[in-house]
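Between the sequences and the hints, there should be enough to build the whole structure, so can you do that?
In order, the protein sequence lines correspond to chains A and B.
This note's numbering applies: residue 1 is where the first sequence begins, and numbers increase by one.
This note's numbering applies: residue 1001 is where the second sequence begins, and numbers increase by one.
Any given hint could turn out to be false.
Listed below are several chain B residues computed to face chain A (Cβ distance under 10 Å; list not exhaustive) [stated by the list, open to error]:
1) S1034
2) C1036
3) L1063
4) A1195
Just so you know, these hints were derived from the structure itself, not from any lab.
Computed from a predicted model, the values in this text were never measured in an experiment.
Ideal Cβ placement from N, Cα and C applies to all residues, glycine included.
Take a look at the letters that make up each chain.
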Amino acid sequence: MPVRVDERVLAVGGGSVDTRRPAMESPLVDSDDIPNLMACPQCDALYRAKAPPPGERAVCARCHTVLAAPRKRAGTAIVALAVAVVILVGAAAFLPFLSISVIGLGNAVSIFDAVIVFTGGELALLAIAMAVLVLIIPVVRALLVIYVLVPLVLDRPPAKYAARAFRWSERLRPWSMAEIFAIGCAVALVKLTDLANVEFGPAFWMFAGVVVVIVLQDRFMCRWSVWNALDRK
Amino acid sequence: MVGMERAGPEVTTAREAGLVACRRCAKVWPMGTSTCQRCGERLQSRDTMSLQKVWAWWVAGVLAYIPANLYPMLQTRTLFRRQEDTIIGGAIELFLHGSPFIAFVILFASVAIPVGKFLAIAFLAISVGRADSFGAGARNRLYEVVEFIGRWSMIDVFVVAILASLVQLNVIVSIAPGPASLTFALSVIFTMLSAQAFDSRLIWDKVDPR
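Here it is, written out as structure tokens:
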């Protein structure tokens, strides 16, 4: 992948840096130029922000963090995928993810059931944590993304508090664990095969779908482009 | 002017240019700005409290990980017996009963990843203040791996919750989560917070002393 970040500022006598004119706040950079700059969030390297052509990525020259990776019509795709997450996770909450049967006795549970089963017990915290990590956070993230991106896709000005909403969506990212739950279901199934007949329920397949959707969404999402679009007010 | 042995290409940091960068949205502001005017994130050129927070969460994570290994993760009651499995005990059981692959997955997710994470975070936090013995690029990569992989330790907690909610067949067999499931979950969460508290920009500051 070609490095597409243009003009590393101050790259040995770099053009944009004005060392003669001491600005109050920042001695090295012309204060009018500040809005055109960005820094790698991972290593603080300073760059002149410029969009790479769609389909290409801009990578930090020092730590190789992807800084921008715009794609054409990504907004529409991301909104569609976020809607899919809301529907899939919302429905999967109430449908059984696994079913078990041993000599005539059977059981099938949804995540919602699981929360009900544990509440009151000592391990209610565990059930609540699972519901939050597997259901609530993925859905909240998807809703935030829809809220932020729909006006942008429709070429309208950003929604009120859109930047804040997007910041929260980003902040919640590591805590969204739907895909981990899907793998957990598969492990549980293997663990139980000796003990009983176990089958995947509809919610498992929905979570499998969520895994694919989240991976796709991550590929389409160029955070830099979203932040930039939110800047145009 | 530039030493050849310096890791990575020559870059100017926002800090050197008298700017403070937003770690959330990458925008830069004049040094001294306290919150990002675009996204509202709190701005700090370098998080001076970073290492303290890292160590505090790290200690909490390690402390929670100890009972997670000593107490049972799962309590299985069948008609004839009652069995309690710790993480490692459960994996050995699985291995002996013919699912070596799953045993390996469990051991990897519940032992190798958490212990590896503790060591990796400690290494990053210690090496940040020391001379550059291990390249900044490699340490940065290690940090990315730690951040990426941390959440996957939750898999064992989910498996326990799934098993316990599903296997409730009256007298024949029932499974209940043991106390270790909660402390293990806490350990994973604390370790994730520890990794998130680490300011990765500190890794690079020592590389480029100017």
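Next item on the list: Kindly indicate which numbered hints from before are broken by the structure, ordering the numbers from low to high.
Entry: 1 and 3
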